[in-house]
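J.: Protein chains in written order, with the numbering used here: chain A, 1 to 329; chain B, 330 to 658; chain C, 659 to 872; chain D, 873 to 1086.
Careful: at least some of the hints might be erroneous.
Below, simulated DSSO-like cross-link-like pairs (lysine-lysine); rule was C-alpha separation at most 30 Å, straight line [to be verified]: (1) Lys-7(A) with Lys-754(C); (2) Lys-749(C) with Lys-778(C); (3) Lys-992(D) with Lys-331(B); (4) Lys-41(A) with Lys-612(B); (5) Lys-275(A) with Lys-612(B).
Cβ pair distances, simulated, as ranges [claimed, not checked]: (6) Gly-610(B) with Pro-227(A): 45 to 55 Å; (7) Glu-709(C) with Gly-526(B): 56 to 66 Å; (8) Glu-1054(D) with Ala-498(B): 58 to 68 Å; (9) Gly-526(B) with Ala-230(A): 18 to 28 Å; (10) Gly-143(A) with Ser-680(C): 52 to 62 Å; (11) Glu-207(A) with Gln-1034(D): 45 to 55 Å; (12) Ala-662(C) with Lys-7(A): 53 to 63 Å; (13) Asp-677(C) with Lys-7(A): 14 to 24 Å.
Don't read these hints as lab results, they were simulated from the structure. As the structure is a computational prediction, the values presented were derived from the model and not from experiment. Where a beta carbon is used, it is the ideal one built from N, C-alpha and C, also for glycine.
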Amino acid sequence: MKKFINKTDDMLVESLSGFASAHSDLVALNLEPNFLTRKQKASNKVAIISGGGSGHEPLHAGYIGHGMLDAACPGHVFTSPTPDQMLMAAEAVYADKGILFIVKNYAGDVMNFEMAAEMLPFESATVLTSDDCAVINSTYTTGRRGVAGTVIVEKCVGSLAETGADLQACKALGEKVNSRTASMGVALTSCTVPAAGRPTFDISNNELEMGVGIHGEPGRRREAMRPADAIIQDVTNAILEALKPSQGNEALLLINGFGATPLMELYLIYNTAAKLFNQHGIKVVRSLVGNYTTALDMAGASVTLCLLDDEIKQHWDSPVHTPALRWGV
Amino acid sequence: MKKFINKTDDMLVESLSGFASAHSDLVALNLEPNFLTRKQKASNKVAIISGGGSGHEPLHAGYIGHGMLDAACPGHVFTSPTPDQMLMAAEAVYADKGILFIVKNYAGDVMNFEMAAEMLPFESATVLTSDDCAVINSTYTTGRRGVAGTVIVEKCVGSLAETGADLQACKALGEKVNSRTASMGVALTSCTVPAAGRPTFDISNNELEMGVGIHGEPGRRREAMRPADAIIQDVTNAILEALKPSQGNEALLLINGFGATPLMELYLIYNTAAKLFNQHGIKVVRSLVGNYTTALDMAGASVTLCLLDDEIKQHWDSPVHTPALRWGV
Amino acid sequence: MSTAFILIAAKNIRDTILDHESELESLDREIGDGDHYINMKRGVSTIVEMEADLAGYPPDAVLNKIGMKLLSTIGGASGPLLASFFMGMAKVLKEKGDESTHTYASAFAAGVDVIRLRGKADLGEKTMLDVLIPVSRQFTQLAADNMPVPQICTVLITTAEQGMQSTRDLIATKGRAAGLGERAIGHIDPGAKSCQLMIAAVCNLLLEAKESLG
Amino acid sequence: MSTAFILIAAKNIRDTILDHESELESLDREIGDGDHYINMKRGVSTIVEMEADLAGYPPDAVLNKIGMKLLSTIGGASGPLLASFFMGMAKVLKEKGDESTHTYASAFAAGVDVIRLRGKADLGEKTMLDVLIPVSRQFTQLAADNMPVPQICTVLITTAEQGMQSTRDLIATKGRAAGLGERAIGHIDPGAKSCQLMIAAVCNLLLEAKESLG
Ligand SMILES: Nc1ncnc2c1ncn2[C@@H]1O[C@H](COP(=O)(O)OP(=O)(O)O)[C@@H](O)[C@H]1O
Ligand SMILES: Nc1ncnc2c1ncn2[C@@H]1O[C@H](COP(=O)(O)OP(=O)(O)O)[C@@H](O)[C@H]1O
Ligand SMILES: [Mg+2]
Ligand SMILES: [Mg+2]
Ligand SMILES: [Mg+2]
Ligand SMILES: [Mg+2]
């Protein structure tokens, strides 16, 4: 394992400190328990809090700011944060209209946020994101995992909250966006959890993991390396199967890098994915290409399609001012 | 080599097509010869054109748009573009006030842009960027290489050009920014040029390349892997030696990922670098952390410091609207 | 079971977990995300560091404090579950107000029930419950039979081991491995392994000490 | 040297470059950026593909078109330099209007001079010029001595080889290796290698063909 770190135990705090200092105009950092909030506390709105294991940067702290999150609770690498973080963060950003937690659907995250919600002295609601369609819904699963589509949920819900909408409306929009969003990822290499010091999984030089999770969880299958077009065709097919869009549906296409895949390849993937969706009658009218929900140093990428309607489009387009997403301001 | 590609020969065009289609609101792509321009041609301003080998994305095409470049000419991977590209791009974006080429200081880029400038039917000037202080200026060198500091030059010059400033003023600002900017990079792994199919250099699991170039060119020395603080101390010292800043100097600190280094590590580097510069009396008042000038899939990062004055600060802060840098709009 | 015993047991648990670093790490890398060992290590080490703060309290308060601390140190799926377990145990101990083997058996069962509720999971889903539920049932039965503590311990060590081994051939339907389908087969669940280790650590300590629960 | 000969030579050059893929690639990986082989391949392949378009033109026009084409296909440092070389040669051929060995020698020298100007480089800087300058000097001398073409070719093959080898022990002061200082020592310059290969390809063809330049 070669990484820019000092001690694995200090890595998270050092990285959070760097983040907070690089973006000191936008965010403030609290340590022990660890959470980040907007620099300027918002007033009279639903406070949106997300969080999860670290290693997915810029998720979630990178999305703190006007039009998106009020706070984020980073856990250790790939480990869900603990309820004390959520409680303190909620205390810091509560703005008289309740707390909305946006939580990726993993047992650990769900339970920790659930316990926080139970202890919370404020009204709260939770949106679980579960856009990863690699996990086929069946009797064998507790449901799908939350992956890159979470960014779209956070953006739209954040936008709605800014208008003064109430907790239930925010939750409803989050669930709508989540239900219209599907993602699937492909890994070319494993990630390496710093504290573990070695790759999470072994993968040979001519294999790929189809449907990999953002923690390196195994996906649908291990298979032989193929040309990008063939790989992406399987990915877009899985997404189409999950979403069953109708002809002429407008969509947002997000090509997300897992951390070690260069932009040049991500744009190549975009090119293929956009063409394939287009062949299925989908109009890609919004795009996002880059590292938005990473898996440490994994080489790989995911494709996310979100079926737009006027409401979602409006909230996607509205101004946002965060370290990792910014427009209109 | 595992990459998301179909055929290495098609990779560049497929990636450019994806880029142009993902950002069709901002840029337009011409193929054969390959160049990209703003979607909306600007009028009555110096047209800023940059370019260079591909593989450094988002440099340069990612910086096309209001407040930055008018056009970019992408060469093959790590290979400078050819004069016909610059000539056609200039023709497309010429806006009555001359053409300014921003060129990274590599023999190939310099010569190709020079030949284009000689053939150009318009008035033109060139700013050579040479911020890489890994290459110690001595009788042995033709000068330093242009690396991530190029982004800062492009941002500031682009801003000035937007005000209607003339060619010489734009060139002068570019040269000023360049002279106040120094960078140094560290590689933990090599990059792999797709057409070559294997890593440009061999590096063992406990080594790093100090002062590496953005094409994988050897740097100052190969050395044993060390904690991040120790590595970054050498880097910041080299930068301080190159810039010799005075106490209290305000600065922009850019931590640039080479393509395969996660944001979590880049922020950790930021944390260390900012502290070290601060200890030398430098006030870091502007920051940029992310993949801005990459080296394909290289794991590694560079630190860039730009000594600000009021003029540079103003042009850095001014609105910019490009695929890869956006604020104020 | 005195507070002093709990504190010694905490050390034993920590040592056992640390001794099984590579095994726990591998298991979670195979069908999870690779952090289970680190999560457990963080939790059990913190408890041992709390020793001085816990020493003055009765067992139920100690277990409750351990639960609270685990809740804010482990994280992940195992954090809230193990925390719930200790808090659930503490509640029964406090209510019953005695320290008989029966009380410990029902406290253990209550702890397991909180895990079931929190995790919405049951036997056969390839989780820590495949160790905890059989152990709890066995414990309740043997306590009802008034079997002496050392014998109970010997049986529970085996029950835990069998439960842990049983996860190998299961398809996971809860937790991070739930997405894997058939691919989870052949791998032991990391949480089941660490629970088996912790149970063995405590039982072995009791066997050595020949100390009774009552 | 007829247009027909130039077109055959272009094929020979392409084949030679393609035959040395791994060597050229390695050299530029060692002290450059690894693209020199690909750049050269792109250039020489395109020229061969142009065959039909070139066939009807006199040698000077053909060389000029080759130069123009290389300029827009090779890129990098070698592109404008090699392009300049052919355009420089073409200019002299056109001016002199004859195809004597002397004319070719001075055309070659003119081509090399354009490279020097364009690259602001000279002998001993670890570039292609360490092959081209000695070859050009030798060629001029031998042409002045009226040595027959086959003998000239034999000598030039050796001169090019020596020039190429000489770059091994040089510190680079131009081009991408210029930043390396001492670390460039021990590596042959890729541009020098490809120039040596191209010169050898043409000379060998002339030797085989026993065809005179004049
Ligand atoms: N719903 C659940 N009920 C019971 N145990 C569970 C549940 N979900 C996960 N677990 C247990 O948690 C273990 C994983 O813990 P850990 O790796 O620390 O957390 P995470 O899965 O969040 O990375 C699993 O091996 C399993 O035994
Ligand atoms: N200034 C120069 N003068 C002469 N030759 C040069 C000069 N700069 C570079 N070269 C030659 O170009 C070769 C490199 O070509 P190539 O790899 O195709 O381009 P790049 O260096 O741009 O990647 C070097 O090996 C050297 O022979
Ligand atoms: Mg985890
Ligand atoms: Mg090159
Ligand atoms: Mg885990
Ligand atoms: Mg090269």
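J.: Broken hints, numbered, in rising order?
T.: 1, 3, 5, 8, 10, 12
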